[in-house]
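Taken in order, these protein sequences are the chains called A and B.
Mapping the first sequence onto my numbering, position 202 (from 1) lands on 497, and the numbers just tick up by one.
Mapping the second sequence onto my numbering, position 346 (from 1) lands on 641, and the numbers just tick up by one.
Hint data in this document are derived by calculation from the structure and do not stem from the laboratory.
Just to be clear, a hint being listed does not mean it is correct.
As the list claims (entries may be wrong) - DSBU-like, lysine-lysine: derived pairs with alpha carbons at most 35 Å apart:
#1 Lys589/B x Lys694/A
#2 Lys816/B x Lys822/A
#3 Lys692/A x Lys589/B
#4 Lys589/A x Lys692/B
#5 Lys608/A x Lys589/B
#6 Lys589/A x Lys694/B
#7 Lys608/B x Lys589/B
#8 Lys822/A x Lys822/B
Number of protein chains: 2
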Amino acid sequence: MVPHRVPRWPTWLFCASPGWWRTACTLGASVEQRRWPGSPWGARVTSPLACRGCSSTPSRAPEVTLTQERYRVQRLPFSTVSKEDLAAFERIVPGRVVTDPEELEASNVDWLRTFRGCSKVLLRPRTTEEVSRILRHCHERNLAVNPQGGNTGMVGGSVPVFDEIILSTALMNQVISFQSVSGILVCQAGCILEELNRYLEEQDFIMPLDLGAKGSCHIGGNVATNAGGLRFLRYGSLRGTVLGLEVVLADGAVLNCLTSLRKDNTGYDLKQLFIGSEGTLGVITAVSILCPPKPEAVNVALFGCPGFAEVLKTFSTCKGMLGEILSAFEFMDAECMQLVRHHLHLASPVQESPFYVLVETSGSSAGHDADKLSGFLERVLGSGLVTEGSVAADQRKAKMLWALRERITEALSRDGYVYKYDISLPVERLYDIVTDLRARLGPSAKHVVGYGHLGDGNLHLNVIAEAFSASLLAALEPYVYEWTAGQQGSVSAEHGLGFKKKDVLGYSKPPAAVQVMQRLKALLDPKGILNPYKTLPTRA
Amino acid sequence: MVPHRVPRWPTWLFCASPGWWRTACTLGASVEQRRWPGSPWGARVTSPLACRGCSSTPSRAPEVTLTQERYRVQRLPFSTVSKEDLAAFERIVPGRVVTDPEELEASNVDWLRTFRGCSKVLLRPRTTEEVSRILRHCHERNLAVNPQGGNTGMVGGSVPVFDEIILSTALMNQVISFQSVSGILVCQAGCILEELNRYLEEQDFIMPLDLGAKGSCHIGGNVATNAGGLRFLRYGSLRGTVLGLEVVLADGAVLNCLTSLRKDNTGYDLKQLFIGSEGTLGVITAVSILCPPKPEAVNVALFGCPGFAEVLKTFSTCKGMLGEILSAFEFMDAECMQLVRHHLHLASPVQESPFYVLVETSGSSAGHDADKLSGFLERVLGSGLVTEGSVAADQRKAKMLWALRERITEALSRDGYVYKYDISLPVERLYDIVTDLRARLGPSAKHVVGYGHLGDGNLHLNVIAEAFSASLLAALEPYVYEWTAGQQGSVSAEHGLGFKKKDVLGYSKPPAAVQVMQRLKALLDPKGILNPYKTLPTRA
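Bound-form chain A, shown alone:
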């Protein structure tokens, strides 16, 4: 098969990447009609105010403190990059060794401007062989490596902590093959998610995942972090849809498990080790993934619910009546909607309610799907589960409804300093932590809000204050983690652990499991050179 190139973004769209956003904020420039990187629907940022009040992106972005200083991390005894190393890299990836500090800036700092490393070199391999040679060299020389995709992570997993060599997948952006009978795509790790989706749509398929960061994130990074996102309810986990991986191990050995088979029960399924291990066990260089057919019809509806019990019952009814066409079931509380209205001037077509539910269907027959949706609407309105509903009549309206849910993050950021938690809970208890925290925090928090992927049991819990306060943080942590652990929940539903959350792993996994993880790390990366200081806790 002759690989062919996936076209890259046109220049103006490149501006929409986190890199652009950061630059715009830093410069305080007026930016209009550009995509907000956190929204899959291309919501607009109309002024630099977009950055104001954001806990991580103030209007005049100050220098981001070095992670090593802010968190007082001790550098591990890796070697430092020498002139000889640079010469060796230049031989492996000629003309693609970046050492210019300004060029390195965007890759040393995460897009939330929370973490900063001080890497002196970034490498841009194009092939697996180049990645293998780079890692073989780094392994021999005991040089630490930070694999980096689109750098859109939420937990500081994609930027160096010290001077790790940044290994970028940006130039590994080739589609290797697509089989239109089976819907199996094989591509390099650096392909951008949205671009892959566009490529597939031309052939009446779609990617099985969709994320706010799709315009920048790389499929390799998606797999390395086991990304969830908006199509999870319908198409399930990447663990089920990723069919094969090619991975380069810490010592440069290439593990080619890039099969395109739906079924393969020959030995241990090694690729699963690398899905969600955040680049700490190996560098993913290529991905084989099963893609669903593009749905013929998509419907979106918004409902108001009188209470959380009714939200849950609506979800059960929805699963029963919409069945196989249900593709999203998102919820938000009244305060979320108020903040969206206040800060973004977005109007809800549904009157004030304690809760709102956004339902999306994706099916193969517009008529059937509309029938099912109206039957469902009749049932939930008639039974009082929902007080009011609005079904999008066209794509524009559907986008407007999605914007109410998708732009919550933006609205909250404009309201003050935001303490963010991304947790999984048994769906029946999903909202209890919100009411519990409201009582616990009282007036010390401006808002405690809850929204998220109810269909996946995934709550985005956000606490807003006028400004950062250590005492409020102390009231939140470890309380939120302990509460979550008390419900056998997950302290990181879809964002992973990275640098930020590595030390809370123990709230969701027992010591025996953490110990096995550490033994796996030692087995596959005995020198610990791959993405150090991430995922596993500092202390055993």
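Given the coordinates of chain A, assemble chain B onto it according to the supplied hints.
What follows is chain B alone, placed relative to chain A:
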């Protein structure tokens, strides 16, 4: 949560287990109106003739040769069970230590009567704690252990090779919890698949997997072998639907990753190590699994196709037009149908065709599904992709259509000695190996037939001869494996490797991967006591 017991099979249904089948064949008894264990639709075995001509179950079943003799295996230097060991086991599982040779017989021999171990003791723990204490003892004493569920495996993975202690999950049959909002079931490993499905159906849910052996197989064994089966096309791999596992490691340590969360990105996903590792890395004691709602409507249709190219085009059309309601796409060739008719006297409602396709839909609206199916039928008949079609008008007819596909195994067994291969291939090449083999083998084979789960790229390739012939075997192996490897296929799509296929792993996985598997085995089971002689090749 108070565990409650899943009712076991009534006695007459117990007769339907592989154990019954074997007994019936051995005794030459006339058995009527009993379930054939290989059929999910309860096809009937009307006389002992059911066993005649079966390569693995002759009418007067001879003694099965000991595996160690037949395959000349060298026993590894494990300890042998002493009186002190038996006393220790009796303290751990009082009254549940089986040493009677007759009672042990059914657990020493696999249901296909191909492999025989000579274990002297079988243990029946009820709790995870008991499993842990047993393994701790065995680990200290260097005693080998053969974990056993329903003993329904196809590759000799579930019976001992020598005198390994058989650790049965049969009494670990409790449902721990079921959440009806999320559809998440948590249960012990020894629950029987069909029984779980029945339990769920009462609550309008189903298990996400279905197998011919469902009346006997244990969910723990299903997970340990990453079972595929009949619902794979619709609900996907167990890797996506299993949410949590509890596993006891070789040294008795309990790894509790039994979460009930759809999303949990905290650290490495250890449960994936145990899914499909065939009991060689740990003993699965409990499972948390996401269950889909029970479909309101199920339709089954059979079509005749003029060629394999048309089968493929029908599949593409089917995916496009039936979309989200498509739940099975099975195919069989003309020779399969002829053998089914000849040996089982089952009539096809579709006239003689080179190929047949069985399509099943499962959806939430009978009317919509019928509409979609008839639209699809119109399209494929109009375009000449299929020459004729028959849609089941009721459940009885649906079962009859399924029987044509499901009883192929039985029909082939009656025709002579069967060489069986279960391979995955790129769907476009799925049938090429059949035509290739016909040309290669010529008259030395009575029949070379192909059928299987086309939607999953899974071919059941069967070669029939009057009797076993070493020269025919030599013409088949390693040729079939090399052919499969040449297409980047899998030499074991859903059956696993067990004892029978462990040495062909290298046809589907590169040496670097096999080496990592061996290092994982050494990491988690350094003494190699768990299911020895299985899954990994004899030589590195």
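Checklist line | Restraint check for Lys822/A with Lys822/B, where alpha carbons must lie at most 35 Å apart | finding: Given that 35 Å is the threshold and the Cα spacing comes to 25 Å, the pair holds.
Next item on the list: Given the hint that Lys589/A pairs with Lys692/B, test it: the Cα-Cα distance must not exceed 35 Å.
Entry: Roughly 33 Å between the alpha carbons, so the hint for Lys589/A and Lys692/B holds.
Next item on the list: Decide if the proposed pair is consistent with the structure: Lys589/B and Lys694/A, CA atoms, cutoff 35 Å inclusive.
Entry: 32 Å, holds
Item checked: Pair hint Lys608/B and Lys589/B, alpha-carbon separation not exceeding 35 Å -> 29 Å, holds
Checklist line | Lys608/A paired with Lys589/B [C-alpha distance capped at 35 Å] | finding: Given pair Lys608/A, Lys589/B holds - Cα atoms ~17 Å apart, limit 35 Å.
Note to self: Would the hint linking Lys692/A and Lys589/B be met if the CA-CA limit is 35 Å?
What the structure shows: Distance of about 33 Å is within 35 Å: holds.
Item checked: Pair hint Lys816/B and Lys822/A, alpha-carbon separation not exceeding 35 Å -> Holds, at about 21 Å.
Margin query: Next pair to validate is Lys589/A with Lys694/B; report whether the Cα-Cα distance is within 35 Å.
Written below: 32 Å, holds
When each numbered hint is compared with the structure, no violation occurs for any of them.
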